[in-house]
Amino acid sequence: MKPVTMPATFAVLAKRSQYQSCHINTPDLDQPLAAIEFDQNFYSFFQTISSSAKALSMAAKLISRGDRLVVTNLSKGYGIWIYEPKAKLAKARKRSKQVKVAGACQMLTSREQYQARDIRVPDIDLPLPGLVTDGQNFSMFKMTTDASETLELVAKITQRGEQAAIVDFKNIFLVCVAEPDAQVLESVNVSRGFLQSESKVLSVAS
Numbered sequence: 072m073k074p075v076t077m078p079a080t081f082a083v084l085a086k087r088s089q090y091q092s093c094h095i096n097t098p099d100l101d102q103p104l105a106a107i108e109f110d111q112n113f114y115s116f117f118q119t120i121s122s123s124a125k126a127l128s129m130a131a132k133l134i135s136r137g138d139r140l141v142v143t144n145l146s147k148g149y150g151i152w153i154y155e156p157k158a159k160l161a162k163a164r165k166r167s168k169q170v171k172v173a174g175a176c177q178m179l180t181s182r183e184q185y186q187a188r189d190i191r192v193p194d195i196d197l198p199l200p201g202l203v204t205d206g207q208n209f210s211m212f213k214m215t216t217d218a219s220e221t222l223e224l225v226a227k228i229t230q231r232g233e234q235a236a237i238v239d240f241k242n243i244f245l246v247c248v249a250e251p252d253a254q255v256l257e258s259v260n261v262s263r264g265f266l267q268s269e270s271k272v273l274s275v276a277s
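Quick note: the sequence shown uses our numbering, first residue 72, plus one each step.
Please note that the accuracy of each hint is not assured.
In silico SDA-like links for lysine to any residue, alpha-carbon gap of 20 Å or less [unchecked claim]: (1) 213 / 85; (2) 157 / 96; (3) 213 / 186; (4) 157 / 102; (5) 157 / 110; (6) 86 / 145; (7) 213 / 240; (8) 125 / 157; (9) 213 / 234; (10) 159 / 107; (11) 241 / 257; (12) 86 / 112; (13) 227 / 144.
Quick list of the computed label-pair ranges, beta carbon to beta carbon [said to hold, decoys possible]: (14) 135 / 162: 29 to 37 Å; (15) 98 / 194: 15 to 23 Å; (16) 117 / 197: 41 to 49 Å.
Since the hints were made in silico from the structure, they are not lab data. Every residue gets a Cβ at the ideal spot worked out from N, C-alpha and C, and that includes glycine.
Starting from the given sequences, assemble the full structure and let the hints guide the process.
Here you go:
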């Protein structure tokens, strides 16, 4: 069986205080690039996108090719920024205090990238429909057709330091929250609750 390539993670930043604007130098370019510094890493400017749906679509495309990125809220839409591992500041400047955001998000666009499983978390008696991806357990949080709401939900989840995941059903999005203390119910091979939600989505999409 061909191994499944897991997508790179990305961050959604809703607050200006979470990052700092700057210019960077990269080994392959002579001119400095407009960039942001987030969580002690540099991300070069890629594109401004006015539509939340197009921003999510572009993020999915970049992530699928292995790019690590950041999506920021801008006055005219959303900014897409791509990670530059070898970048250096073009000009020294005073570092401002940034809000630490530990949470990241995965964009899952293929059924092969996750398993639908029921999980049990310590503070809830009943099992929860969820998914397992890349060794992490996630519970279903909300399904929505609104790309803007999807980005807002991910921003809120990751601001708390939690991990998130988006299952992309082609313009219908399932937002999930990581459950690090969850246990997968081994007696249930597949989550019926998840599959029922997935079936409804696919019927609507078709």
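Numbers of the earlier hints that this structure fails to satisfy, in rising order: 8, 11, 15
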